[in-house]
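Throughout the sequence shown, residue numbering follows this note's numbering, covering 7 to 256 in sequence.
Some hints could be false.
As the list claims (entries may be wrong) - Below are the DSSO-like pairs computed for lysine-lysine, each with C-alpha atoms no more than 30 Å apart in a straight line:
hint	residue 1	residue 2
1	Lys54	Lys67
2	Lys178	Lys160
3	Lys145	Lys178
The hints are simulated quantities; they were obtained by calculation from the structure and are not laboratory data.
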Amino acid sequence: MGVVPETRLGKIQFYENHLGPWADNAVAIGLTSTAVAALGSLTSNARKAYDDAEAARQAAKAATQAYYNAVRAMHNGPGAGADMIEQIRNKAQSTNNPEIYTLAEIPAPATPGTIPPPGTPNDFTVGLLQNGAVELKWKCANPSGAQGTVYEVKRRSGAAGNFVYVGSTGVKNFVDETVSAGTASVTYQVTAIRSTQRGNPAQFTVNFGIGGVGGGPGVGGETITTPDGTTFAITSVSENATVLPPRKVA
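Please put together the full structure from these sequences, using the hints given.
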């Protein structure tokens, strides 16, 4: 550890505490009275500079706080700037006169934007699970800022007829466990929905082969056998879809 403290104030205090003993014993400790007196003047100057700096710091703090208070009073004080701006806006809105904003040289409130309807599902993939359920996946680009989109899934058996609601999902995949055994073909319709807005529906068709009927082996030679022993395969799909290999149920 050094003899003299590391801090500036510590150094001042060290020499202030040692000037007396050094002056009293200057010759005995190898110093001169003149040198000790000169050090005393330097120490006094250092102390005064420190005191002046502290006073300046305190004055700066007080001045800064006074500055903050003045700005707060100007903007947030009762009847001051912020209240006046609100009064200008109220006047413009109550009189339906946007010219008031021009006169006051403040911007008019931005017109709330409307988020477009959800996107259209596309790039469908379909596959069979080992239990015979049909797994659907798709992509869908929704507008920026669109939150809470869900996807409505409907299904139609055969080439004609009405679409029947199957279910909804908040993600871009769905498992249909309600396709009846022996169904040869289904068409799915997927629609993106957000609140009261509906996107354009998209459809794709899936053709099945049951027990070797309706096209033989599945696409890519993949077939499954359900727990009841039925051979089941996807034999073809419409052009806007692709087939996934069968997979086990997790």
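Each hint, compared with the structure:
1. Lys54 with Lys67: Between Lys54 and Lys67 the Cα gap is close to 20 Å, so the pair holds against 30 Å.
2. Lys178 with Lys160: Answer holds: Lys178 to Lys160 is near 14 Å, not above 30 Å.
3. Lys145 with Lys178: Answer holds: Lys145 to Lys178 is near 6 Å, not above 30 Å.
In summary, this structure violates none of the numbered hints.
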